[in-house]
Amino acid sequence: MQVKQVSVFLENKSGRLAEVTRILGSNNIDINALTIADTTEFGILRLIVDKPDNAVEVLRKNNFSVDITEVIAICVDNKPGGLSLALNHLEDNNIGIEYMYSYLGNTGDGKAIIIIRVEDTQNTVNILKNNGIEIISTDEIYNI
Numbered sequence: 455m456q457v458k459q460v461s462v463f464l465e466n467k468s469g470r471l472a473e474v475t476r477i478l479g480s481n482n483i484d485i486n487a488l489t490i491a492d493t494t495e496f497g498i499l500r501l502i503v504d505k506p507d508n509a510v511e512v513l514r515k516n517n518f519s520v521d522i523t524e525v526i527a528i529c530v531d532n533k534p535g536g537l538s539l540a541l542n543h544l545e546d547n548n549i550g551i552e553y554m555y556s557y558l559g560n561t562g563d564g565k566a567i568i569i570i571r572v573e574d575t576q577n578t579v580n581i582l583k584n585n586g587i588e589i590i591s592t593d594e595i596y597n598i
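According to my numbering, the residues represented by the sequence shown are 455 to 598, in order.
Don't read these hints as lab results, they were simulated from the structure. Where hints are given, some of them may not hold.
DEER-style ranges, computed between Cβ atoms [what the hints assert, rightly or not]:
id : residue 1 : residue 2 : range
1  : Gly-469   : Asn-597   : 27 to 35 angstroms
2  : Lys-583   : Gly-550   : 14 to 22 angstroms
3  : Gln-576   : Thr-475   : 27 to 35 angstroms
4  : Glu-465   : Asp-546   : 37 to 45 angstroms
5  : Thr-475   : Asp-546   : 36 to 44 angstroms
6  : Gly-469   : Asn-580   : 41 to 49 angstroms
7  : Gln-456   : Glu-545   : 16 to 24 angstroms
8  : Asn-580   : Asp-531   : 20 to 28 angstroms
As a list, the in silico DMTMM-like pairs of lysine to aspartate or glutamate whose alpha-carbon atoms are at most 20 angstroms apart [as the list claims (entries may be wrong)]:
id : residue 1 : residue 2
9  : Lys-565   : Glu-588
10 : Lys-458   : Asp-574
11 : Lys-583   : Asp-531
Glycine included, each C-beta is placed from N, C-alpha and C at the ideal position.
The whole structure should be built from the sequences, with the hints applied where relevant.
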């Protein structure tokens, strides 16, 4: 139930992010969610795309340093406190979150999709599922 996230290491200079999006677009790869964290010298662009393996291939061919990371996609009520319910279950089980960000897709039923990175993905998936938190499958996330 993990989702493949594409991580791209970028030099912190003008045009690098635009270049990544141009390469992906020209290869018909759709970006569904992204986040970027930067320092003075480099940034890490994290992407959920509809064709992660293809994205890695074309970005490497264009001399980008790219990696695949497994993340979890959860569905929570899109209302005040909706995310808190899921995070409370993680806190109760001493699961730390490395990072998280929202997904651009729309479930159409008043839900929000959140991408979470934790150390032990399978244990976290089990805990969330056992507590009624909806986990979005790989196929579903790439087709939203």
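Status of each hint after checking the structure:
Between Gly-469 and Asn-597 the Cβ separation comes to about 31 angstroms, which falls inside the hinted range of 27 to 35 angstroms. One distance hint, 14 to 22 angstroms for the beta-carbon pair Lys-583 and Gly-550, holds here, with the actual separation near 19 angstroms. Look at Gln-576 against Thr-475: about 32 angstroms separates their beta carbons, and that is inside 27 to 35 angstroms. The hinted window of 37 to 45 angstroms between Glu-465 and Asp-546 holds, with their beta carbons roughly 41 angstroms apart.
At about 39 angstroms, the CB distance of Thr-475 to Asp-546 agrees with the hint of 36 to 44 angstroms. The hinted range of 41 to 49 angstroms is satisfied by Gly-469 and Asn-580, whose Cβ atoms lie roughly 43 angstroms apart. Hint check: Gln-456 to Glu-545, Cβ distance near 21 angstroms, so the stated range 16 to 24 angstroms holds. One distance hint, 20 to 28 angstroms for the beta-carbon pair Asn-580 and Asp-531, holds here, with the actual separation near 21 angstroms.
For the given pair, Lys-565 sits about 10 angstroms from Glu-588 by alpha-carbon distance, which is consistent with the 20 angstroms threshold. The straight-line distance between the Cα atoms of Lys-458 and Asp-574 is roughly 15 angstroms, inside the 20 angstroms bound, and the hint therefore holds. The hinted pair formed by Lys-583 and Asp-531 meets the criterion: a straight-line CA distance of about 15 angstroms does not exceed 20 angstroms.
When each numbered hint is compared with the structure, no violation occurs for any of them.
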